[in-house]
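*Asks:* As a plain string of letters, each chain reads:
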Amino acid sequence: MGARQHISANVNGDPVEFLAEPGTTLLDALRDELGLTGSKEGCGSGDCGACSVTLDGRLVCSCLVLAVEAQGRRITTIEGMADGGTLHPLQQKFLEHAALQCGFCTPGILVAAKALLDVNPDPTEVEARYWLAGNLCRCTGYDKVIRAVMDAAADLRQERV
Amino acid sequence: MSDVIDRPAAKAQFKVVGTRPVRPDGADKVTGKAAYGADLMLPGMLTGKIKRSPHAHARIIAIDTKKARALAGVKAVITAADFPDLASEEMAGGESAANVRDIALNCMARNAALYEGHAVAAVAATSASIADEALALIEVTYEVLPHVIDVEAAMAPGAPLLHADIFTKGVEPAPTTPSNIAHRHDLTRGDVNAGFAEADAIAEGRYTTAAVHQGYIEPHACVATFGADGQCQVWSASQGHFAVRTLCAKILGLDTSDIRVTPAEIGGGFGGKTTVYLEPLALALSRQCGAPVRMVMARDEVFRATGPTSGAVIEVKLGARRDGTITAGQIVLKYQAGAFPGSPVHPGVMTALACYDIPNFTITGYDVVTNSPKVTAYRAPGAPISAFGVESAVDDLALKLGMDPIALREKNAVRDGMKAAYGPTFRNIGYVETLEAIRDHPHYQAPLGPNQGRGVAVGFWFNIGGDSTAAVQITDDGAAVVATGNPDIGGSRASMAMMAAEVLGLPIEKVRPIVADTASIGYSMLTGGSRTTFATGMAVTQAAQQIVTDLKRRAAQIWEVAVDQVEWLDGAAVCRDPAKGELTLAALAAKSGETGGPIGAQVSLNAQGAGPGFGAHICDVEVDPETGGVTILRYTAAQDVGRAIHPAYVEGQVQGGVAQGIGWALNEEYIFDTDGKMENAGFLDYRVPVASDLPMIDTILVEVANPRHPFGAKGVGEVPIVPPLGAVANAVRAAIGVRMTDLPLSPPKIRAAIDGR
Ligand code: FES
Ligand code: FES
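Line by line, the protein sequences are chains A and B. Under my numbering, read the first sequence as residues 313 to 473, first letter to last. Under my numbering, read the second sequence as residues 1388 to 2144, first letter to last.
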């Protein structure tokens, strides 16, 4: 333990403040201090991707980031993906393709997939599979997940033209 | 791509069943709102944590909790002394019996720690870091004992004994000395010696599989609160909240009626969440301190103390005549049970030859306790293991006979009217149809390149029915709410809503399904055994049918005509007398006060007639001769599903089962060091398949309807994990020309096999 530190950051566009012990992970701070339980802990060691968020736009495992590192930074979580009541095309395609079963991996996969499409709007299937290789899903065998991502990418490209 | 092979005429009768609507619980799951086991927070909630044995086998001499109790912020400390010392009691479970005393002792060790990670004490504290500090302050004095994990070593005379009171069951006369062999199961038919004497070719092998974990991504988690009046509440992610209630009551010595269990969303189970680990501990901690307690396992605890399924040895000998007729089979199965009896060797025995019509066989299974975590059900428990041996041997037999492996399986296939190896007579099975489906699929004829190989394998699972309850209520605006008691692991709410919508004639958006807590719906067996769509679906359908009957009565009353003048069509009562017009469900709901009050029905039943399931798979691999690495190039899985209520989720079950089977075949294994400690208790070293390891998984849904279900459904979730172990191994054999018998088929083993060619 140690003295709790005061952190100010921006989460999903809103300023937030919270207290964190020096050893607290960003994931625990998001979940326990800010009540944003959409990010999941599947392993706590950077191996499952269920805790994926973006930190200043970069995809990270929030279980590997210390909460104190969030000071002054911009974090996006699954809770920030939909535009108010309107689902992001990725979210919509996951529903249409039945790309989730238990849904526990889904927030992390969606955050990671969005980060992929932000840098590569036209990924090949192989690129999508390698990008998502850090996100474990034990239910789906990834088939419908990959189809949903590819379909959402196609839709987003449509929207751009 | 995915194909559905069925009878088009039958399909046309349905408006909702067989379509692919968005699941009703989907939006919450893609937005992060869905609340899983670890997501619930209660005011004043404490954090509970578990102290675990560092030894694989040790006597517990003493546990001193004084220092931990004295630490500021620690509110409760428990050991086995806080639980009643139960007598042995067998309890009917989902697919297999369980012993309540063993489950209690697995939750909290008393006198002896039987595997590394076995819980010996637990604490509740105001923060996770204080709880960790408290665990470190608990002093446990152990006398370390010799341990045994390998199944054959545990069976050997003179092996370290885990329990002094295990005298092998199923052996006559009963042994007088204890051993680690808890149970022997025998299944025989005909005369094997005569059968082998008739054979022109014999295929024989000794195969092994490693212990593997279910690997659900959500670690076990729960919140529990023990009221000052003795009334308790538990929220947990489990496959059966009624089972959680019963087990907590027995383990803590409480009345079932004092415990209310609410199912959280569950992040995968695959059989591994059919028992309790945390819930009784959280309740005991809460009882001691009066505050709600949340417990969440870390991933390494999940590996060390929950799951897995058995590591095993499988010996198979098959004999066949020149024309391919299999005349005899001899099989011995040895399964690790972990620390307490109850490996899935019995279903392993029963399923081993279920796909084959063989006149003479003996199958013997041994359930063996070992110093490893107590095995828990894993998708078609026991069946993938025995199928791995049998499918490998059948493949070798096809080679020896110079026969196509599908043709050999067709020649010996079970069909309607035949007596299954495990007893009953098959009816309405679609096994041959799945074989035909893969035989005729373009995949089977596709050309292969160098270092590539193709394997085929089949699999069987019983599927079960059992106790289920469903309640359907009609809202005042003419929509429906469907409540069941089965946690939704893979989309079952969607299929429940679809079956109700079909019967009521409503669009799917007008039917809202929920999973109700133990106080709000009648008893339902857990979600497992591929039973939910079949059994609970039957309860939902019957409740909806009762409502339709009642709605027709109400319409007749309003119209002042005889009930037989009224029909229910597309969500409305229609009168034979055209002058009366029609009354929609909304109109009838609005008038319910005048026709007998609120509209609803609840059905509790024991569903009989679950149709057994069969699958036939084709797998193509490429083996890198330099590294020994295996790439899965293409995979096609055909399965008889009876009727796919929501085909997309049925395909998903098949694809997910295949992926788990591929992981089992290629990568996954528990690795123990010489002290019996697990060396790879994390997803880095225990490697489950990732997206880049797999191709698309093509599915063929064969629909041979089950006449015992209103829409023809059969269980689908378990069959698909049965064939892949054999399919992958057979493909690797075809690619490298060497039979690999020990899973996982890791690169070093394959390199060694290639070098030894
Ligand atoms: S919880 Fe962060 S990667 Fe698994
Ligand atoms: S949907 Fe269950 S882990 Fe991915």
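Among these hints, one or two may not hold up.
Residues of chain B placed beyond 12 Å of chain A at every Cβ, according to the derived structure [to be verified]:
#1 Gly1656
#2 Met1790
#3 Ala1881
#4 Val2041
These stretches of chain A come out as covered by chain B in the derived footprint (C-beta under 8 Å, 3 or more residues) [stated by the list, open to error]:
#5 320-326
#6 359-372
#7 382-396
#8 408-419
Label-pair ranges, simulated between beta-carbon atoms [to be verified]:
#9 A/Arg386 / B/Glu2013: 29 to 35 Å
#10 B/Val1531 / A/Ala445: 39 to 45 Å
#11 B/Leu2071 / A/Ser320: 48 to 54 Å
#12 B/Glu1476 / A/Gly325: 55 to 61 Å
#13 B/Gln1995 / A/Tyr442: 46 to 52 Å
#14 B/Ser1644 / A/Gly325: 30 to 36 Å
#15 A/Arg386 / B/Leu2071: 25 to 31 Å
#16 B/Asp1415 / A/Gly335: 27 to 33 Å
#17 A/Asn324 / B/Thr2014: 42 to 48 Å
#18 B/Ala1584 / A/Ala445: 52 to 58 Å
Bear in mind the hints are in silico, worked out from the structure with no lab data behind them. Yeah, the Cβ is synthetic: ideal placement off N, Cα and C, and Gly gets one too.
*Asks:* Return the numbers of the hints above that this structure violates; sort them in rising order.
*Replies:* 1, 3, 4, 5, 9, 11 and 14
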